[in-house]
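Chemist: Sequence:
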Amino acid sequence: MSDQPRRPRRPAKPYRRPQKDPVRILAFEALRAVDERDAYANLVLPPLLRKARENGDFDARDAALATELVYGTLRRQGTYDAIVAACVDRPLREVDPPVLDVLNLGAHQLLGTRIPTHAAVSATVELARVVLGDGRAKFVNAVLRKIAQDDLDGWLERVAPPYDEDPEDHLAVVHSHPRWVVSALWDSLGGGRAGIEELLRADNERPEVTLVARPGRATTTELLDEEAAVAGRWSPYAVRLTEGGEPGAVPAVAQGRAGVQDEGSQLVALALANAPVEGPDRMWLDGCAGPGGKAALLGALAAERGAVLLASEKQPHRAGLVAKALAGNPGPYQVVAADGTRPPWRPGSFDRVLVDVPCTGLGALRRRPEARWRRRPEDLDGFAPLQRGLLRTALESVRVGGVVGYATCSPHLAETRAVVGDLLKQFPDTDLIDARPLLPGVPDLGEGPDVQLWPHLHGTDAMYLALIRRTG
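Counting with my numbering, you get residues 1262 to 1733 for the letters of the sequence shown.
None of these hints come from the bench; they were simulated from the model. Since we're looking at a predicted model, the values are computed, not measured. Heads up, a few of these hints could be off.
[Claimed, not checked] Once the Cα atoms are required to be at most 25 angstroms apart in a straight line, the calculated DSS-like pairs of lysine-lysine come out as: (1) Lys1281 with Lys1312; (2) Lys1585 with Lys1575; (3) Lys1281 with Lys1399.
Could you put the whole structure together from the sequences, leaning on the hints where they help?
Modeler: This is how it looks when you write it as structure tokens:
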């Protein structure tokens, strides 16, 4: 036996129960719902926040922090993935998705907020202990300590390829967009580095909440009485809530007399309503009406002129949302659940027709940041037949002298000008109307006759609009 004295054993560390942080747990739950169920954060987060407030777990500051953690992490996911990949010893695809969500939450706190480094690391590691267990929490701790060694600019210098070597990949990493989306947006803008960088930055900004005062039911004066409310930039019916807030707490919104509607969406409806038609102006159609924002505005405008709106939506549950949005409209209207490519109405029945067609949603990445990671280039092939079919039906549904508005919340050329160009060839007795004068005061509308709105130029979603008149 050795004569060496034994070292005294260190006392075992007492087990410490993980401390639950309601804000970060809620943010993690929202991110998991987005990943596992293909949910949208703007639909998942509000009920989670409402439940937390009802339980007494949250105040307004907690809700604001949880919202920032969820949306900030989703918007910068591509950037944070690249940084995390540089800090782990395995391919990123081999990191369990819940672990990656926690790491990206931590990365956003370290690189995208003013939360002190030690607090960001300790709070995220504690979250990992609660939702992942002690073993994986150690892995999270090690990775976050590597990330904390540099700031965002420093990391981008390391993980983004130089612009001169690969411009699209550089922009994809720096501005957190898939490469194919960067390429598509760049093509739609028409080239130039400054414009695409401004657009990508705008996609990563938190959008203001915009309300619409539905004519005959509410006024902007009423909405401007709300705290931190200012007039819209372009639409006479728009009011912006500059400090966020809960739109449902606005009485006019709660009563359905006003709604939440992006100003670009309002402009599309207004342009169609104000386009010149030859002959009577009595029957209007919204051929893709769900969930009802444009239909409610069109219905109110039609009522002012003694016209009737038919709002058609294929999905019955979305048709129910349209009916809810139109309830209380000051004039006559009808809502039907119908397939817009096989309509129940006769050709030539309408004086004005709007089709805001289903699309990739690349124009609303500010509001739905997860869509950029969910969409694939092949999705365009899936939407193309439907978009062309809906526009074809719209052109058949309008009478000679009437006007069709083709709209989509995507600036992708395959969903905008390519669709319109194809259908104009099939319908030679049509003319494109210059839509620009129908958006008075709105700058930077391009060469026309169609219109593309942009987040970085107009503060709206990237809505596209072409106005087409039947001439024969």
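Chemist: None of the hints should be skipped; say for each whether it holds.
Modeler: Structure-based check of all given hints:
1. Lys1281 with Lys1312: holds, 17 angstroms
2. Lys1585 with Lys1575: Distance of about 16 angstroms is within 25 angstroms: holds.
3. Lys1281 with Lys1399: holds, 17 angstroms
Every hint, counting from the list given before, is met by this structure.
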